[in-house]
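Enquirer: Spelled out, the chains give:
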Amino acid sequence: AQSVTQLDSQVPVFEEAPVELRCNYSSSVSVYLFWYVQYPNQGLQLLLKYLSGSTLVKGINGFEAEFNKSQTSFHLRKPSVHISDTAEYFCAVSGSPGGNQFYFGTGTSLTVIP
Amino acid sequence: DAGVTQSPTHLIKTRGQQVTLRCSPKSGHDTVSWYQQALGQGPQFIFQYYEEEERQRGNFPDRFSGHQFPNYSSELNVNALLLGDSALYLCASSPVGGGYEQYFGPGTRLTVT
Numbered sequence: 001a002q003s004v005t006q007l008d009s010q011v012p013v014f015e016e017a018p019v020e021l022r023c024n025y026s027s028s029v030s031v032y033l034f035w036y037v038q039y040p041n042q043g044l045q046l047l048l049k050y051l052s053g054s055t056l057v058k059g060i061n062g063f064e065a066e067f068n069k070s071q072t073s074f075h076l077r078k079p080s081v082h083i084s085d086t087a088e089y090f091c092a093v094s095g096s097p098g099g100n101q102f103y104f105g106t107g108t109s110l111t112v113i114p
Numbered sequence: 001d002a003g004v005t006q007s008p009t010h011l012i013k014t015r016g017q018q019v020t021l022r023c024s025p026k027s028g029h030d031t032v033s034w035y036q037q038a039l040g041q042g043p044q045f046i047f048q049y050y051e052e053e054e055r056q057r058g059n060f061p062d063r064f065s066g067h068q069f070p071n072y073s074s075e076l077n078v079n080a081l082l083l084g085d086s087a088l089y090l091c092a093s094s095p096v097g098g099g100y101e102q103y104f105g106p107g108t109r110l111t112v113t
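Chain order of the listed sequences is A and B. The letter at position 99 of the first sequence is residue 99 when you use this note's numbering, and the numbering goes up by one with no holes. The letter at position 86 of the second sequence is residue 86 when you use this note's numbering, and the numbering goes up by one with no holes.
If you are wondering where the hints come from, they were derived from the structure by calculation, not from laboratory data. Just so you know, not all the hints are guaranteed correct.
[Stated by the list, open to error] Quick list of in silico lysine-lysine cross-link-like pairs, DSSO-like style, CA-CA up to 27 Å:
{"id": "1", "chain 1": "B", "residue 1": "Lys26", "chain 2": "A", "residue 2": "Lys49"}
{"id": "2", "chain 1": "A", "residue 1": "Lys49", "chain 2": "A", "residue 2": "Lys69"}
{"id": "3", "chain 1": "A", "residue 1": "Lys58", "chain 2": "B", "residue 2": "Lys26"}
{"id": "4", "chain 1": "A", "residue 1": "Lys58", "chain 2": "A", "residue 2": "Lys69"}
My request is simple: use the sequences and hints to build the entire structure.
Expert: This is how it looks when you write it as structure tokens:
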């Protein structure tokens, strides 16, 4: 079975400060990891993904994440946040044999304070 | 290039009724997945369709059923609606043959009263 834990339900941060949103996963098979962002009343937009290769993954809007197999983590980071980054962020894992079911965390609400 | 589209945007139904939600995948995609996102929660996998057949199913009762058409579009049907079915229903499509990237539509907000 696979699962995702997002350790922080809410993260307030001042504008232009760095931020880290934490994600831990559990899986007995090879994993593929994703971060999605959801703005109010909208669907999910892919920020970045880890499928294989380099453990440091760069995504859109200046976000990056690092895959750490030993710690089963995939934390999302941004060196300087903007007001427009205020949104809900979801970490997801996939990789179950024979299917592409995604398992999502419960989300982290990022609020950027002016 | 149109992305994933869903209709309707919002829907209000009464407990016990039936509802049908629709999804058109992104161009070039043939696999469609449906998710339920309750308020304040992450999306929960309902099922996935590929080649007009249900390929994988999450932990949802048989009241939830679906269909995929030859043009890859899909429907989600929910019978005997319960108050707890109120949620945002998201459709996601994947490239030909599956793959490990899913593109999400804007969702349908279902309210059951």
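Enquirer: Next pair to validate is B/Lys26 with A/Lys49; report whether the Cα-Cα distance is within 27 Å.
Expert: holds, 19 Å
Enquirer: Do the alpha carbons of A/Lys49 and A/Lys69 lie within 27 Å of each other, as the hint requires?
Expert: holds, 15 Å
Enquirer: Are the Cα positions of A/Lys58 and B/Lys26 separated by 27 Å at most?
Expert: Holds: A/Lys58 and B/Lys26 sit about 24 Å apart, inside 27 Å.
Enquirer: For a C-alpha distance cap of 27 Å, please report whether A/Lys58 and A/Lys69 respect it.
Expert: Holds, at roughly 17 Å.
Comparing the model with each numbered hint stated earlier shows that all of them hold.
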